[in-house]
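Single-letter residue listing:
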Amino acid sequence: MSFTLDEFAQNLDGQVRGDGNLTISDVASLENATSADISYLDSNKQLKAALASSAAAILTTAELAETAQKRGCQVTLIVVDQPQAAFIEVMLRFRPMPPRSTIGISPRAIVSETAVLGEGSNLFPNAYIGENVTLGKNCEVGPGAVIQDGCTLGDDCIVHANAVLYRNVTLGNRVIIHANAVLGADGFGYRFVNGEFIRIPHTGSVIIEDDVEIGAATTVDRGMIGATVIGKGTKLDNQVMIAHNCQIGKHNVYASQVGIAGSCTIGDYVQMGGQAGIVDHVTIGTGTKIGGKAGVVSNLPDGGAYHGIPAVNEKEAIRNHFGIQRLPELRQQVKQLSEQLAELQQQQPTTESDQLEIKSAA
Amino acid sequence: MSFTLDEFAQNLDGQVRGDGNLTISDVASLENATSADISYLDSNKQLKAALASSAAAILTTAELAETAQKRGCQVTLIVVDQPQAAFIEVMLRFRPMPPRSTIGISPRAIVSETAVLGEGSNLFPNAYIGENVTLGKNCEVGPGAVIQDGCTLGDDCIVHANAVLYRNVTLGNRVIIHANAVLGADGFGYRFVNGEFIRIPHTGSVIIEDDVEIGAATTVDRGMIGATVIGKGTKLDNQVMIAHNCQIGKHNVYASQVGIAGSCTIGDYVQMGGQAGIVDHVTIGTGTKIGGKAGVVSNLPDGGAYHGIPAVNEKEAIRNHFGIQRLPELRQQVKQLSEQLAELQQQQPTTESDQLEIKSAA
Amino acid sequence: MSFTLDEFAQNLDGQVRGDGNLTISDVASLENATSADISYLDSNKQLKAALASSAAAILTTAELAETAQKRGCQVTLIVVDQPQAAFIEVMLRFRPMPPRSTIGISPRAIVSETAVLGEGSNLFPNAYIGENVTLGKNCEVGPGAVIQDGCTLGDDCIVHANAVLYRNVTLGNRVIIHANAVLGADGFGYRFVNGEFIRIPHTGSVIIEDDVEIGAATTVDRGMIGATVIGKGTKLDNQVMIAHNCQIGKHNVYASQVGIAGSCTIGDYVQMGGQAGIVDHVTIGTGTKIGGKAGVVSNLPDGGAYHGIPAVNEKEAIRNHFGIQRLPELRQQVKQLSEQLAELQQQQPTTESDQLEIKSAA
Chain A
419 MSFTLDEFAQ NLDGQVRGDG NLTISDVASL ENATSADISY LDSNKQLKAA
469 LASSAAAILT TAELAETAQK RGCQVTLIVV DQPQAAFIEV MLRFRPMPPR
519 STIGISPRAI VSETAVLGEG SNLFPNAYIG ENVTLGKNCE VGPGAVIQDG
569 CTLGDDCIVH ANAVLYRNVT LGNRVIIHAN AVLGADGFGY RFVNGEFIRI
619 PHTGSVIIED DVEIGAATTV DRGMIGATVI GKGTKLDNQV MIAHNCQIGK
669 HNVYASQVGI AGSCTIGDYV QMGGQAGIVD HVTIGTGTKI GGKAGVVSNL
719 PDGGAYHGIP AVNEKEAIRN HFGIQRLPEL RQQVKQLSEQ LAELQQQQPT
769 TESDQLEIKS AA
Chain B
419 MSFTLDEFAQ NLDGQVRGDG NLTISDVASL ENATSADISY LDSNKQLKAA
469 LASSAAAILT TAELAETAQK RGCQVTLIVV DQPQAAFIEV MLRFRPMPPR
519 STIGISPRAI VSETAVLGEG SNLFPNAYIG ENVTLGKNCE VGPGAVIQDG
569 CTLGDDCIVH ANAVLYRNVT LGNRVIIHAN AVLGADGFGY RFVNGEFIRI
619 PHTGSVIIED DVEIGAATTV DRGMIGATVI GKGTKLDNQV MIAHNCQIGK
669 HNVYASQVGI AGSCTIGDYV QMGGQAGIVD HVTIGTGTKI GGKAGVVSNL
719 PDGGAYHGIP AVNEKEAIRN HFGIQRLPEL RQQVKQLSEQ LAELQQQQPT
769 TESDQLEIKS AA
Chain C
419 MSFTLDEFAQ NLDGQVRGDG NLTISDVASL ENATSADISY LDSNKQLKAA
469 LASSAAAILT TAELAETAQK RGCQVTLIVV DQPQAAFIEV MLRFRPMPPR
519 STIGISPRAI VSETAVLGEG SNLFPNAYIG ENVTLGKNCE VGPGAVIQDG
569 CTLGDDCIVH ANAVLYRNVT LGNRVIIHAN AVLGADGFGY RFVNGEFIRI
619 PHTGSVIIED DVEIGAATTV DRGMIGATVI GKGTKLDNQV MIAHNCQIGK
669 HNVYASQVGI AGSCTIGDYV QMGGQAGIVD HVTIGTGTKI GGKAGVVSNL
719 PDGGAYHGIP AVNEKEAIRN HFGIQRLPEL RQQVKQLSEQ LAELQQQQPT
769 TESDQLEIKS AA
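Going down the list, the sequences are from chains A, B and C.
Numbering-wise, the first sequence is residues 419 to 780 according to the working numbering.
Numbering-wise, the second sequence is residues 419 to 780 according to the working numbering.
Numbering-wise, the third sequence is residues 419 to 780 according to the working numbering.
In case anyone wonders, no lab produced these hints; they're calculated from the structure.
Keep in mind that this is a model prediction, so the values were computed, not measured.
There may be inaccurate statements among the hints.
Derived pair list, reagent style BS3-like, types lysine-lysine, alpha-carbon separation capped at 25 Å [claimed, not checked]: (1) Lys753(C) to Lys753(A); (2) Lys707(C) to Lys753(B); (3) Lys753(B) to Lys733(A); (4) Lys753(C) to Lys463(C).
Covered stretches of chain A, going by a simulated chain B footprint (3 or more residues, C-beta under 8 Å) [what the hints assert, rightly or not]: (5) 440-449; (6) 476-489; (7) 498-509; (8) 528-541; (9) 614-628; (10) 690-698.
Glycine included, C-beta positions come from ideal geometry on N, C-alpha and C.
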């Protein structure tokens, strides 16, 4: 399968700058592209890679095209409004996503008699569907995935292989649960009685709203009384931990290995870098950005950026960082001051009598 | 199902302060409660939430009841000794835990002929029981959970869905293993020979003592020679990592994403906050508290609290934290000193002759 | 089963210093050894443990033997070139690794008709092999492990229980994938369009080269365009996260809970301590050592050691650490200087007229 650049440009509403008759047969990154590949450039940071690229063609913006050509770029460019979006369109032409499986209800899936399966359900072998589970339309449950009693899934959900939903977990529509994720395990709460930790029963549940994606091996614990909630459109990367009772807002994006302790309330559009951690019972405002590895220990208002352990606002974090970097310099200054002062003290008449001497002299 | 407050008070050995005829039909947190819910208050921190709560009634202590009523609380209160314990009792009245499954040995479980299953065993479909496995009484093995050759479980253990026990792992009584946890994978040990890392065989095992709870996706590696041990009553949250040869004491509590490197020895009643990490081969005393995200790099005696990377005792950690926060102030002070000193130096007779001049004058 | 020390010494090409007729019947660590056990000593750090050990015999080097005996060690020693290697040989004599299973293709494994299985394959019950999967010779797929459509495994691979390989993942020869690891989940990449995060399709794959070991619950995401690659001989501990598009070199060793963000390029022989994290799009040189919990935020050249958040070279990290530790001392110094200076200023004639007075006096 191959196409000419002119054909692509027409489909993408783009303009060819160079030889539109070139044919391409695949997509590649700027670094890996060969003379049969198309790539894309959507940031100044990649300009160097673009200039060194062996790609047949590069999708880019008008502005970046101009810069690239000024700097001697010889590759044919296709100018489009949104290079990444256009690139994805081209990529899917060469590499269409595998079509939805037509497996239907595998005879080797395990489905309780009380479960209700929506039309278009795909249940792979060893998928497990407990009592009173309801699946909406077109859900897919992978091999070995376990959906325990009383769970409810909306339409078009995918639960990948070996993921586990404990009892009474609710998924909205178009939710994706990746392999080995666990939703609804008991929250980590104990009472300390006579030298032992006694489990606090967790009678709440987990609610995952529409369009949420939960990464591989990510865990979301059930609430003690109410539900732990992941808001609409939120995306959790792999190995994220959301503890009991958390209320995560809409359209949050958390990178891998983030951990949110119990009973936190997080606003909408919050972003967290990898390995960030939030202590229990804090409230974080909408639009906040938490840096990678940051440790948040107190409530945060809407909209700021926070870094460090304990997390402070970006400005303070930078100040702290450079403050530490410049400590040797500061020590040096103090040492010099100390020496200069000692010298001054020596020059100085230092006894009362000396003082008097001068005065009397005067 | 609903009860009057008087009925509850009687059962809980509590005293009603307000209208005992009110009926309630569920439990809720102070924040989410409606006029048919009962909630609880057991800390001054929640006093504000209690005053703003729409709950029909609140379980609390005599002391908190007095404070709340002084501050104008209108909600009916039930005074009890232990509000949380009483609340849990009430919660379980409205929301009884699902009864133990009566599934028995599912015909779709996979059970080797050499396995010995205690009476009352529940094996869900796709549970896998290897050769020479012994299960005590009333154990439950969830769908897809894998218990490999030679494992021994005590009585009343629960191994949740898709958890994996490698060969020869031993569980005591009343142990709970959550979904997708892995016990007994080979320890991470290699010898570097001729430019390659060669696996060190791990012939040891994992021993989990009575009343331990292991969180979802938590991993405990097997020892090289002896066993990795998790002591009686210890609770590990989700995504915790315990490396080979560790000896974890009794009644430890580790929050999510804690990592303990190889061959550590940890005392009893040690608590660790989320994402804390311990380097290999250290010994940590009984009753120690390790803060969230702390990085312990040396032995710790009994009983202190430690924070930071590397972890230092709490007092030093606070001092370090404020030391960094106050660096700009310190720099400013040094700058001022420097200026004042320069001024002094200028005022000062600075040559030997000047000095002599003064002296001669005297 | 028991052997005399002389027999062992002969096999290991070692020299007995003490009673060669002693028989031993098992191996143990220095701490746990009884009078029927052999142990080993290969570092000065363990010398104290060796002197206190109840072992029947200790494998050690000539140099350590001399030191130990000078310090009064009474235990029989066997002097060998490489004590750990010799100890492993002895350990495997007493505790041979369980022989390879002879299960073959379990009738309860799920194998698609289009899969090609090499000779010597072991597929456990509930192992799942998708369409067009190819297995080399002598591969083993554990209970509940899932190998999805289009995956290719070389010879002698082991995929442990409940691990998941998404479609089109490639393993080289002798690759070990531990329980509940996930290879090939979609990379965590989204475009922000009209207030929502839209998934970027990930058409790339994951390539695991020869002799790689992947720990339990570790996740390696598939690339967007090309493959995420784990180089030959690299060992990843449990709960490690490798994000999409990363190119990990050969013979890397990463301890547990390390996280590498997207599109990083890592050289060969790189070592990372537990919970270290690397931001996206950085390049790390060959032979680099990244400390536990370090946070790398920029490219690193070959061969250094780095610590801290953000990670700096070891020397600077130590300087920063002690700089912070010594802040109270620095503050004290500044306070003293300030006091001394104030004193000087007071002693000092401070007005123009005072100055003149002195001068006139002179």
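Coverage of the segment 440-449 of chain A by chain B (three or more Cβ within 8 Å) | Three-residue rule not met by the segment 440-449 of chain A, so violated; n is 0.
In terms of beta carbon proximity below 8 Å, does the segment 614-628 of chain A have 3 or more residues touching chain B?
-> Held - the segment 614-628 of chain A has 6 residues with a Cβ nearer than 8 Å to chain B, which meets the minimum of three.
Going straight from one Cα to the other, do Lys753(C) and Lys753(A) come out at no more than 25 Å?
-> holds (13 Å)
Are three or more residues of the segment 476-489 of chain A within 8 Å, CB to CB, of chain B?
-> violated (count 0)
Quickly compare the C-alpha distance for Lys707(C) and Lys753(B) to 25 Å and report which way the hint goes.
-> violated (38 Å)
Agreement of Lys753(C) and Lys463(C) with the hint, judged by alpha carbon distance not exceeding 25 Å = violated (43 Å)
Coverage assertion for the segment 690-698 of chain A with respect to chain B, Cβ distance below 8 Å, three residues required = Coverage by chain B holds here, the residue count being 3 at a Cβ distance below 8 Å.
Given coverage of the segment 498-509 of chain A by chain B, checked by CB-CB distance under 8 Å (3 or more) = violated (count 0)
Within 8 Å of chain B (C-beta), three or more residues of the segment 528-541 of chain A | violated (count 1)
Satisfaction of hint between Lys733(A) and Lys753(B), Cα-Cα up to 25 Å = holds (22 Å)
Hints 2, 4, 5, 6, 7 and 8 from the earlier list are contradicted by this structure; the remaining hints agree with it.
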